[in-house]
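Engineer: Quick note, the sequences are listed as chains A and B, same order. When we follow my numbering, the leftmost residue of the first sequence carries the number 6, and every step to the right adds one. When we follow my numbering, the leftmost residue of the second sequence carries the number 2, and every step to the right adds one.
Think of the hints as simulated: they come from the structure by calculation, not from any bench. Glycine included, C-beta positions come from ideal geometry on N, C-alpha and C. Honestly, I wouldn't trust all of these hints.
Unchecked claim - The calculated lysine-lysine pairs, modelled on DSS-like cross-linking and capped at a C-alpha distance of 27 Å, are: (1) B:Lys139 to A:Lys62; (2) B:Lys137 to A:Lys62; (3) B:Lys145 to B:Lys173; (4) A:Lys62 to B:Lys171; (5) A:Lys171 to B:Lys137; (6) A:Lys62 to B:Lys234.
Stated by the list, open to error - Cβ pair distances, simulated, as ranges: (7) B:Asp197 to A:Asp51: 27 to 37 Å; (8) A:Thr138 to B:Glu167: 18 to 28 Å; (9) B:Phe138 to A:Lys253: 26 to 36 Å; (10) A:Leu104 to B:Leu193: 23 to 33 Å; (11) A:Gly90 to B:Glu10: 30 to 40 Å; (12) A:Ile290 to B:Leu193: 55 to 65 Å.
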Amino acid sequence: MENKITFEFSKKDSKRANILGLRAAYGLSTLNCKEAYPDLAVFTADTSTSAGLDRFKNSYPDSFYDCGIAEQCLISSAAGYVASGGTALASTFAPFLILRAAEQVRLSLGYMNIPLLITGLASGLTLGHLGYTHCCVEDLSFILSIPNILIYSPSDSYELKCILPKLIELKRPTYIRLTGSAKVKAVHKESFTTDFFSPIHILGSGNKLLLLSIGTISGNAIQALESLGSSYLDQISLFVVPFLNGEKTRSAISKLICNFNNILVLDESTYGGLAALVGREILKINHKINYAYNIHPEYYLISGQHDYMLSQCKLDTKGIKDSIINLLE
Amino acid sequence: MIRQIDWREFNSKVELLRSTCLRIAVAGGDNAAHIGGALSCIDFIAIADSIYNFSSNAKSMQSLILSKGHACLAIYALLATSKITTIDEIIESFEKNGSRFLGHPCKHQDLGIMYSTGSLGNGLAYAVGQALHESKFKKDEASKTPIVCIIGDGECNEGIVWETMEFISKLKLDNLIIFVDCNGWQQTQRCLYFKDDYKLLHMRFNTFNIDSYLIDGHDYDQINSVLNITSNKTKVILGKTIKGKGYELFENNNEWHHGILTKQHFDEIHSN
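Given only the sequences and the hints, what does the whole structure look like? Please build it.
Structural biologist: Here you go:
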């Protein structure tokens with residue numbers, strides 16, 4: 006059941022979680038999940054360390070399965086495990102999980118609706134310094150084209166820690182998309198409520214500009230707003246979009262955008278991701294909205310460090326700030 | 002539940018399964034049906050079913066996984082001769098709009114079809130996950146029924162087959178049996194492994210810490226004996242078979258890999 010849940014904010018927990026990047030936070034969170042769901046198994050493709058899963062592996066060796074560098078087998082064998090009644094998370098680097106094993110994802114999570122949770126590590130431009138073989142700017146476009154799959158892209162490590170056990174409880178085919186580097190900027194600074202499909206309000210109470218952000222770049226959006234000062238904050242509302250949950254999310258976004266004349270979307274994926282989804286809703290309501298997006302362009306950039314890559318997509322703090330000023334002035 | 006085979010009834014069971022495959026294929030009409038690859042694995046399916054009683058109910062049927070999904074006629078024939086569904090439902094709906102019986106198996110757990118297969122190689126990995134879960138959590142009498150997965154020799158072209166075999170070599174799955182239907186053909190050509198009479202394929206499987214057997218896939222005694230061997234490893238049975246087995250028109254004639262079988266064909270076959 007996808008009921009509304011409120012997570013009471015804990016400054017201590019948030020600080021502790023956000024010292025870690027999403028990958029390490031994911032690995033640690035699986036330990037808590039195992040306590041709550043004793044039948045949980047974790048499948049991986051030779052990426053236990055990269056996913057922060059070594060503690061899980063050592064604590065629960067009988068519930069940890071490493072199929073080697075074999076992503077297609079990873080998805081299908083974990084799907085078989087879940088289809089026969091088990092609960093499982095399957096994780097490896099996003100490009101290999103989503104693109105190399107694309108058909109297995111489509112068949113198992115989409116076509117057969119098997120409630121397997123798959124976790125894409127270092128999605129987006131996180132590993133730009135390793136080249137585009139290790140980046141994944143196409144995952145949202147692809148997964149959004151498959152019916153049935155819930156997408157969860159955490160805004161910060163604290164949110165992931167709160168949400169992960171609930172995702173296991175939902176028992177839905179789910180893609181967990183982890184972005185960002187070793188340390189994430191805290192996005193949630195107070196209690197938050199989610200219904201697992203709607204955008205979550207983070208900052209600002211203005212109605213001139215709606216800022217929609219997905220993943221850990223939301224931290225850059227907050228920094229940009231804070232540096233612009235209160236005169237801008239009064240004009241802007243920042244929402245994060247951690248869940249992309251089919252028609253429910255589209256409908257929630259549709260209702261939200263009606264209240265604004267300017268919208269800026271921030272997304273590390275290509276045009277087929279959140280930006281395209283928002284654009285479609287604008288078209289549907291035929292609303293005269295001044296619409297802009299800072300996203301990965303439709304070509305492969307010259308690679309480099311994550312921050313450098315984000316700056317090229319205007320997804321760093323400065324780029325977001327400049328876009329806001331452009332839209333409002 | 003493991004049973005002794007009643008050989009007096011067995012021949013008629015196999016004949017019924019073969020002719021039921023053809024009746025369903027005729028019902029497919031112009032949509033055509035994969036005939037050759039279904040008939041080549043009927044003998045194995047019939048013996049495995051006689052031993053493990055898969056077709057007794059949908060739950061048991063879920064332990065039989067047809068990874069070479071194009072051979073669905075074989076599974077549909079088994080269902081048609083069970084109490085899980087009726088031959089009429091299958092014949093009326095095969096490859097028709099809204100059907101539960103399409104040209105490749107679609108997941109319908111109430112029919113005992115656990116996975117949608119047809120995209121080759123995936124069924125084997127599903128079977129491993131299922132065997133893994135059952136070996137861990139199902140310690141009752143039912144767990145004595147192994148997961149039986151049928152793959153094709155052409156299917157062994159797929160990388161996921163070998164990814165999965167490597168995974169199997171790490172796991173101690175004594176509840177998984179893989180039958181490789183070595184009928185020598187794939188859609189447009191002879192299988193690579195046919196050339197050396199499957200010695201290379203057998204060697205290849207032998208590298209994966211499993212028990213493997215190369216047998217005549219139409220020899221009832223050999224199939225029965227291998228299935229009854231006690232082993233603490235995954236069993237891989239390479240059964241050398243004949244594509245289109247049982248009918249002169251189809252045997253080793255790859256034009257019937259996927260073909261339109263008319264009522265006239267059917268009557269001619271059964272008048273001989």
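Engineer: Indicate whether the distance between the beta carbons of Gly90 (chain A) and Glu10 (chain B) respects the range 30 to 40 Å.
Structural biologist: Holds, at about 34 Å.
Engineer: When you take the CB atoms of Thr138 (chain A) and Glu167 (chain B), is the distance between them in 18 to 28 Å?
Structural biologist: Holds: the Cβ-Cβ distance is about 22 Å, inside 18 to 28 Å.
Engineer: Lys137 (chain B) and Lys62 (chain A) were given as a pair; does the straight-line alpha-carbon distance stay at or below 27 Å?
Structural biologist: holds, 17 Å
Engineer: Given the hinted pair Lys62 (chain A) and Lys171 (chain B), is their alpha-carbon gap at most 27 Å?
Structural biologist: holds, 15 Å
Engineer: Check the following: the C-beta atoms of Ile290 (chain A) and Leu193 (chain B) are separated by a distance inside 55 to 65 Å.
Structural biologist: Holds, at about 57 Å.
Engineer: Lys139 (chain B) and Lys62 (chain A): Cα distance at most 27 Å?
Structural biologist: The given pair, whose Cα atoms are some 23 Å apart, holds under the 27 Å limit.
Engineer: Take the C-alpha atoms of Lys171 (chain A) and Lys137 (chain B), compute the straight-line distance between them, and say whether it is at most 27 Å.
Structural biologist: holds, 25 Å
Engineer: Holds or violated: 23 to 33 Å for the Cβ distance of Leu104 (chain A) and Leu193 (chain B)?
Structural biologist: holds, 28 Å
Engineer: Is the hinted pair Lys62 (chain A) and Lys234 (chain B) satisfied, with a Cα-Cα distance of at most 27 Å?
Structural biologist: Given that 27 Å is the threshold and the Cα spacing comes to 24 Å, the pair holds.
Engineer: For Lys145 (chain B) and Lys173 (chain B), compute the direct alpha-carbon distance and say whether it is at most 27 Å.
Structural biologist: holds, 15 Å
Engineer: Looking only at beta-carbon atoms, does the pair Asp197 (chain B), Asp51 (chain A) fall within the given range of 27 to 37 Å?
Structural biologist: With Cβ atoms ~33 Å apart, the hint holds.
Engineer: Do Phe138 (chain B) and Lys253 (chain A) keep their Cβ atoms within the hinted range of 26 to 36 Å?
Structural biologist: holds, 33 Å
In summary, this structure violates none of the numbered hints.
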